[in-house]
Structure formats: structure tokens, C-alpha cells
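Novice: Below are the chains, spelled out letter by letter.
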Amino acid sequence: MRGKTLALALGALALLGSPCGGGPAGPSAAVSLDPLFVTVQPGGFVDLAVLITGATQPVQAFEFTVEGDPGILIPWQALPHAQYDDDGKLFVAPQVDLGTGRIERVVDLRHGAGAPTGSFRVATLRFFAWEKGTTTVRVVGGGLATASGQPFDTTLFSATVNVVP
Amino acid sequence: MCILLLVAGLLVPASGAAQLLTGDLNGDGEVDAADAALLPAWYGAAPGDPTFEPAADLNGDGRIDFLDLGLFGAGFGATGGPVDTTPPTLFVTLNDVPDDMNDLLVVPPERFQVTLALDSAGGSALDTASLSVTSDQAAGIHPAGAELAGEFTVTPTRAAWELPAGSNLPRTSHFLTVSVRDLAGNLASRVYGFAVRDFAAGAPLENLQTVFLDFDQNRSLTTAVDFLEDLREYGLSAAAAPTIETQMRDRLVAEIVSRAHPFFGVNPDGTPGPDAANLVFQATLPGVPHSRLCVGGQSSLGGSFLGSSTLDVNNLNETSDECALGSVFGVFPQAIDNLWGANAGFQATFGPLDPDAGGTPVGLHPLDATVLAPGFDPAGAPSAQLARWSAIESAVDTFAQIVATAVAHETGHLLGLVAHGPAPGGLWGGSTGGNKDHNVTPGGTTPAPNWLMNSGGSFTFEEITARGGVPLPVFRPLNWAYLRDRVVLDASVTGLFPAPTLTSVQPASFSFAGAGSQLVTFQGTNFLATPGIELLTEGDPTPNPVLSVAFVNSQTVTGIVFSFLAPPALYDVRLRNPDGQEVILVGGLEILP
Numbered sequence: 049m050r051g052k053t054l055a056l057a058l059g060a061l062a063l064l065g066s067p068c069g070g071g072p073a074g075p076s077a078a079v080s081l082d083p084l085f086v087t088v089q090p091g092g093f094v095d096l097a098v099l100i101t102g103a104t105q106p107v108q109a110f111e112f113t114v115e116g117d118p119g120i121l122i123p124w125q126a127l128p129h130a131q132y133d134d135d136g137k138l139f140v141a142p143q144v145d146l147g148t149g150r151i152e153r154v155v156d157l158r159h160g161a162g163a164p165t166g167s168f169r170v171a172t173l174r175f176f177a178w179e180k181g182t183t184t185v186r187v188v189g190g191g192l193a194t195a196s197g198q199p200f201d202t203t204l205f206s207a208t209v210n211v212v213p
Numbered sequence: 011m012c013i014l015l016l017v018a019g020l021l022v023p024a025s026g027a028a029q030l031l032t033g034d035l036n037g038d039g040e041v042d043a044a045d046a047a048l049l050p051a052w053y054g055a056a057p058g059d060p061t062f063e064p065a066a067d068l069n070g071d072g073r074i075d076f077l078d079l080g081l082f083g084a085g086f087g088a089t090g091g092p093v094d095t096t097p098p099t100l101f102v103t104l105n106d107v108p109d110d111m112n113d114l115l116v117v118p119p120e121r122f123q124v125t126l127a128l129d130s131a132g133g134s135a136l137d138t139a140s141l142s143v144t145s146d147q148a149a150g151i152h153p154a155g156a157e158l159a160g161e162f163t164v165t166p167t168r169a170a171w172e173l174p175a176g177s178n179l180p181r182t183s184h185f186l187t188v189s190v191r192d193l194a195g196n197l198a199s200r201v202y203g204f205a206v207r208d209f210a211a212g213a214p215l216e217n218l219q220t221v222f223l224d225f226d227q228n229r230s231l232t233t234a235v236d237f238l239e240d241l242r243e244y245g246l247s248a249a250a251a252p253t254i255e256t257q258m259r260d261r262l263v264a265e266i267v268s269r270a271h272p273f274f275g276v277n278p279d280g281t282p283g284p285d286a287a288n289l290v291f292q293a294t295l296p297g298v299p300h301s302r303l304c305v306g307g308q309s310s311l312g313g314s315f316l317g318s319s320t321l322d323v324n325n326l327n328e329t330s331d332e333c334a335l336g337s338v339f340g341v342f343p344q345a346i347d348n349l350w351g352a353n354a355g356f357q358a359t360f361g362p363l364d365p366d367a368g369g370t371p372v373g374l375h376p377l378d379a380t381v382l383a384p385g386f387d388p389a390g391a392p393s394a395q396l397a398r399w400s401a402i403e404s405a406v407d408t409f410a411q412i413v414a415t416a417v418a419h420e421t422g423h424l425l426g427l428v429a430h431g432p433a434p435g436g437l438w439g440g441s442t443g444g445n446k447d448h449n450v451t452p453g454g455t456t457p458a459p460n461w462l463m464n465s466g467g468s469f470t471f472e473e474i475t476a477r478g479g480v481p482l483p484v485f486r487p488l489n490w491a492y493l494r495d496r497v498v499l500d501a502s503v504t505g506l507f508p509a510p511t512l513t514s515v516q517p518a519s520f521s522f523a524g525a526g527s528q529l530v531t532f533q534g535t536n537f538l539a540t541p542g543i544e545l546l547t548e549g550d551p552t553p554n555p556v557l558s559v560a561f562v563n564s565q566t567v568t569g570i571v572f573s574f575l576a577p578p579a580l581y582d583v584r585l586r587n588p589d590g591q592e593v594i595l596v597g598g599l600e601i602l603p
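From first to last, the protein sequence lines are chains A and B. According to our numbering, the first sequence is numbered sequentially starting from 49. According to our numbering, the second sequence is numbered sequentially starting from 11.
Quick caveat, the hints were computed from the structure, so don't treat them as lab data. C-beta: ideal position from N, C-alpha, C; glycine also. Careful, some of the hints might be misleading.
To be verified - Pair by pair, the computed Cβ-Cβ distance ranges are: (1) D366(B) to Q143(A): 49 to 57 Å; (2) T184(A) to E157(B): 52 to 60 Å; (3) P83(A) to N353(B): 53 to 61 Å; (4) F85(A) to A43(B): 39 to 47 Å.
From just these sequences and the hints, can you work out the full model?
Specialist: So this is what it looks like as C-alpha cells:
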């Protein structure tokens with residue numbers, strides 16, 4: 049995927065982009081998991097929203113794979129988010145890999161014009177808190193697409209989940 | 011200033027007349043829910059995947075992913091686009107043999123492949139469910155005319171059916187009628203003909219062919235076996251470090267064997283892969299009948315001969331010995347330097363080791379004992395160790411791959427590649443010059459693709475080592491079909507003629523009555539000039555020939571039955587056309603006492 053993984057957010061999001069003929073930069077956005085810090089008890093669920101911020105062009109489609117520590121968090125499911133989704137479902141069924149702790153192929157699109165720019169949530173990821181411990185949940189694959197099929201330059205932010213009794 | 015235009019309903023180029031709206035996957039002029047319902051089945055696929063539909067790769071980057079989804083989403087809701095009127099393309103062949111070589115293929119009665127190449131031709135996606143395949147002849151359990159599409163494994167770009175063992179197809183001409191539609195309903199249809207015959211002397215690889223790679227000969231009559239001299243030539247070992255030399259020899263032999271196997275679909279360890287030729291290499295003397303190919307030294311034919319072996323069409327000799335005639339036949343690594351020594355990749359690979367290039371041979375460098383130790387971990391090694399380890403690994407990789415490729419190539423000759431001339435008598439092998447026994451195009455030139463049985467002098471360093479993004483050579487489809495016993499070499503098949511029928515013999519009953527012979531007239535259909543006719547009778551295993559057969563026309567032939575060849579009996583009459591098709595008229599002739 050095109051992008052850079054940074055440590056937890058420490059201030060303003062630095063958007064990456066490349067010059068376009070000396071004019072405006074190419075499409076860029078930051079992708080983070082919301083909330084960035086969360087604490088949950090073993091046996092409970094934790095929901096993390098995939099949050100897009102600073103999208104400089106309409107986000108027509110996206111795909112993400114998100115990974116946590118499978119010894120602490122069991123990947124459970126992914127759901128569309130009302131701030132983005134326009135048909136009540138993700139585009140394809142996400143795949144949950146218990147071995148790697150991944151929720152793979154979280155994909156959705158906006159049908160037609162009016163795809164959002166700026167900041168909005170696109171999906172919700174649900175994990176089951178299995179064992180106490182601390183794990184980082186991060187985006188490990190995918191990206192955002194413009195209406196012309198171009199990829200965004202993305203800056204990625206991970207979240208920290210503490211499972212404590 | 012850079013202005014990005016975001017326009018719904020972008021047009022995409024198409025090879026046909028219609029330029030469909032982007033995302034109009036069913037070609038109805040609209041991008042709507044019907045198109046959206048199609049996409050998930052293809053999402054994530056790349057060429058070669060069974061779910062890759064080129065029509066859904068909207069940006070043409072070879073993957074159906076979120077970038078295509080961006081284009082699709084942007085175009086969603088567009089209407090008024092052109093309706094797809096361009097039919098898909100459909101290519102019918104056997105065993106993936108390309109169009110310029112499949113005019114007259116002969117295959118055995120079972121276990122060959124019918125292969126279809128499908129393409130939406132820039133229009134709407136293929137409707138794979140619409141595929142229809144019928145044959146004018148029985149095909150396995152299916153009677154003539156039955157729908158065969160259900161037997162095929164179908165993807166948006168390819169459909170294939172391997173006739174199962176025991177299919178026992180009629181030994182005659184077969185004509186397939188194939189059709190497919192795209193989602194807009196445009197029809198493509200083809201009729202394709204081929205012939206079915208038996209192998210004249212058994213399939214070339216019906217028995218497991220064991221090939222003994224003999225690395226231990228000293229045909230150059232020097233102080234060391236030829237293969238060790240090769241290793242020293244390239245700095246892969248040194249006589250002064252015998253323990254490491256033995257280690258390197260054993261490793262390279264193992265690497266060569268394991269790398270030669272996959273050319274034949276065999277797993278590196280010698281076990282058969284899912285679609286493997288019936289062959290195994292061994293580097294120790296096999297306890298079973300085998301052919302032998304020597305590896306090492308320099309060819310007596312010249313310093314640039316990397317290999318040479320005997321062409322054995324139909325693999326009639328399963329125990330050939332390619333070490334017997336001095337150093338004429340075998341694989342000769344000494345030629346590597348002569349062929350590619352000026353190549354920058356060659357120099358970069360062997361330079362650090364080759365003493366002639368100022369390198370330090372394996373075994374003589376102070377770090378070699380460390381980097382060649384079994385537990386050496388390059389990941390955590392100091393830079394000097396890593397550099398030496400990398401130099402050795404690069405040379406081992408390159409040397410082993412070149413020799414393994416040459417072994418596979420020479421073994422191809424041993425098995426019958428490349429039989430001279432076009433199919434069905436040959437396999438499109440050349441018969442003169444450097445292309446003798448090697449692949450040629452129908453125009454007689456060396457093929458451009460990196461086929462393993464192209465002439466030896468045609469390989470670049472990159473092509474034989476898979477460098478610079480060039481894949482390793484592979485067998486050309488017609489060669490591979492031969493190695494898998496999926497094609498029959500039969501020069502007697504000169505066209506796709508219908509099978510003969512035999513309806514009457516006149517006189518149908520007679521007595522020689524003291525005469526020595528009797529003129530007989532045979533009538534039927536589809537006779538070719540000039541058939542052979544034999545009389546068969548129970549209890550006599552030897553057919554009795556009818557002599558002086560004369561072709562009158564396609565319905566009539568005459569012949570003379572001699573009394574000394576055909577004693578009184580009730581005979582079945584077998585008529586065989588020159589193309590091998592035959593018919594038997596049971597009880598067709600009775601010779602009275």
C-alpha cells in the first residue's frame with residue numbers, strides 16, 4: 049500500500065503528497081483508528097472506527113486490512129459506517145483470520161457523485177478481548193481511491209488497546 | 011495548476027467499436043445495481059486467478075481492486091452509454107497449442123485437454139454460464155451431440171477439460187462446436203477439428219523415465235573428475251580445500267537435480283507435481299533401467315557447446331547412454347564462460363570467486379568456514395561475512411540454474427524434443443542448422459518466447475538464469491503436450507477426413523474352384539487413395555492381406571484375394587484408409603471350399 053505508518057498521533061496530521069505539475073498536491077489523507085487508546089475487560093468487545101481525516105479529494109472507495117495481536121484480541125467482524133456507506137453493506141464480505149489476528153479486505157464504495165472529502169468514518173471493526181495485555185491495532189494493507197481510480201497518499205495511525213481485568 | 015477532472019461515466023477504450031461506460035460490466039449502456047452485483051465475485055483477482063475478469067479491471071493495471079472500485083463508484087448511475095455489440099473472442103484448441111500450430115493436431119483417445127481461451131474483447135464481461143461445447147463424436151461417457159460444457163473448468167478467460175482415462179474416443183476426426191456469449195448477449199462461436207489416433211508404439215512417457223545425472227566421470231582424462239574441474243574453473247571450489255570442495259560439490263549436485271525437476275512439473279524432491287511428466291532425475295546410480303546423462307567438462311564439439319544429446323523421437327530408447335561417445339554428448343559447464351563470460355551479470359556473479367578474475371575461490375577465503383557452516387545466519391552477520399556469503403550464494407544460484415536448465419534441455423532431446431517438422435508428424439522442430447532438433451516457428455525461425463527447447467545459442471544470460479525480470483524458460487505448449495502424452499505423432503494423418511464405411515463386398519461368397527485368385531470389389535464411403543484391406547478370421551491371429559488394391563473412387567475399391575493367403579473361412583473385412591481410420595465389415599466375405 050502507498051503510505052507511511054507513524055506512531056501514535058502527536059499533534060497535527062502531516063499529510064503526504066507529491067507535487068502535480070507544480071500545482072496542487074495529489075490526493076492525500078490520514079487514516080487512523082478511533083479511539084486511539086481504549087481499555088476493555090477480558091470477555092468484552094471493542095469497536096474501532098476507521099477514521100479518515102484531511103481527505104483532499106472525494107474518497108470514492110477504500111480497502112483496508114487491519115491487524116492486532118491474536119493472543120489478546122480476536123478479530124470478530126467489520127461493519128459499514130453510516131458516515132460513509134450508502135447501501136447498508138460493505139462491498140465484499142470481510143475475511144477474519146484468527147491466526148494472524150487480521151480482519152482482511154474491508155472494502156466499500158460510494159455509488160455515484162457526492163463521495164465525501166475531509167473527515168469521516170468509513171467502517172467499524174469489532175474485536176473480542178481475549179486475554180489481558182496491550183496490543184497495537186494497525187492498518188497493514190489497502191488504501192483509498194479517488195473517483196478517477198487514483199490512490200491516495202495515506203498517513204497511517206495505529207491504536208492501542210489495553211485489555212485489563 | 012493541476013486540475014483533476016472527476017467525471018461520472020468516463021469512457022474506456024475498447025478494441026471493438028463500442029466504448030462502454032466505465033463500469034458498464036453487462037454492456038447495457040448503464041452503470042447500475044446489476045453491474046454492482048457482478049463485481050464482488052471478481053474483486054481481488056489478478057491475471058491467472060480463476061476469478062479474474064478483464065472487463066472488471068477498469069484501470070487495466072492487472073488487478074481488480076479498490077482503485078477499480080473508485081472508478082466504478084464514480085461512474086455509478088450513468089446512463090445513455092452505448093450498448094455492447096462486440097462479440098467476445100473465442101479460441102478453441104487442444105493442450106493450449108497456439109493458433110499457428112493447431113491446424114491438424116492428433117491426440118490419443120484419452121487424457122488430452124480441450125482448452126478454450128476467452129476474452130471479453132474490451133466489451134462487457136463474459137457470461138461463463140453460456141458456454142456451450144458439443145462434439146460430432148462420442149466423448150467419453152457423452153454421446154455425440156451432447157452438451158459438454160459441464161465438464162469444463164471455466165473462468166472468465168479460460169475453459170479446460172482433460173478427457174479422463176478410459177475415455178476411449180473414436181479413432182477418427184472430431185469436430186467441436188463451441189459458443190459463448192458476453193453479458194450483453196453477443197455470441198461468439200467456433201468449429202474446431204482434430205484427429206484421434208492411438209500411439210503407434212506406446213506413449214513416449216507411459217513408463218517412468220529415470221534419468222541418471224552422472225557427475226563423476228573424467229572424460230577429459232585429467233587429474234580430477236570433470237565436474238570438480240568445472241567448480242574450480244568458476245571459483246566454486248578449490249583443490250586446496252578438499253573438505254569444502256566436497257561440501258560444495260554435494261550441494262551443487264543437489265541444487266541442480268532439484269532445479270531440473272520443476273521444468274518437468276516434478277517437485278524438487280522428485281515427487282510428481284499436480285501436472286508432471288513421468289520422469290525423475292537421480293544423481294546416484296539408479297537401481298532401475300535408466301538413461302544416463304553426464305554432467306561436467308567441455309564438449310569435444312567445441313568450447314561453446316553447453317550440451318548435446320541424442321534426439322529420440324517417441325522416446326523409443328528408455329535406456330540411452332549419453333556418456334559413451336567421448337565428450338560428444340552430455341552437459342558441459344565449461345561452456346558457460348565461453349557463452350556469457352562477457353556479460354556484466356556473469357562477471358558480477360563469478361568475479362568475486364573466479365581466480366582468473368582476481369576472485370578468491372570458495373574454500374580459500376578466511377571467512378568461508380564461517381559462512382558455509384550449517385548454522386550460519388546471514389541476518390545477524392557482520393557486513394564482511396554477509397558480503398562473502400552473498401557472493402557464494404549468488405554464484406551457486408547462477409551456476410546451478412544454468413546447469414539445471416541445460417540438463418532439462420538435453421533431457422528434452424532424449425525424450426523426443428523437438429521432433430522435426432509440423433504437427434502431426436512433428437512437433438515444429440527444425441531440421442537444419444542451429445535450429446536442428448529445436449523449436450522453430452511456422453516461418454522457420456527461432457521463437458521469440460523463452461521456450462526451453464529453443465536452440466541453445468539463442469539464450470541470453472538473463473533468459474537462462476531468470477534475471478532482470480525474465481522468467482525461466484519453459485516447454486512450449488506443444489512440447490509439454492508431448493511430454494504429458496497428450497499428443498500423437500502420426501504423419502499419416504494428412505487431413506480431417508471422415509471415417510470410411512464398408513457396406514458390401516462383391517462377390518460376398520465364392521470358391522476359388524481351382525483358381526489361384528479372385529477379384530473382389532469393395533463398396534462403401536469415404537475411401538481414400540489407397541486403403542489397405544485385410545481379412546480376419548477367428549482362430550487366425552495373422553490378418554490375411556488383400557493384394558493389388560486399386561482405388562476406383564471414394565465409394566469403390568478393388569483387390570485380389572489369393573488362395574494361398576486366404577483359406578476357406580468366414581472372414582471379417584477390415585478396410586483401413588491411409589490416415590489410419592478403419593472400418594470392419596463383420597462376416598463380409600465367405601470363401602467356400
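Novice: Compare the structure with each hint and give your call.
Specialist: Going down the list of hints, with the structure as the test:
1. D366(B) to Q143(A): 49 to 57 Å: holds (56 Å)
2. T184(A) to E157(B): 52 to 60 Å: holds (56 Å)
3. P83(A) to N353(B): 53 to 61 Å: holds (58 Å)
4. F85(A) to A43(B): 39 to 47 Å: holds (41 Å)
Violated hints for the displayed structure: none, as all numbered hints are satisfied.
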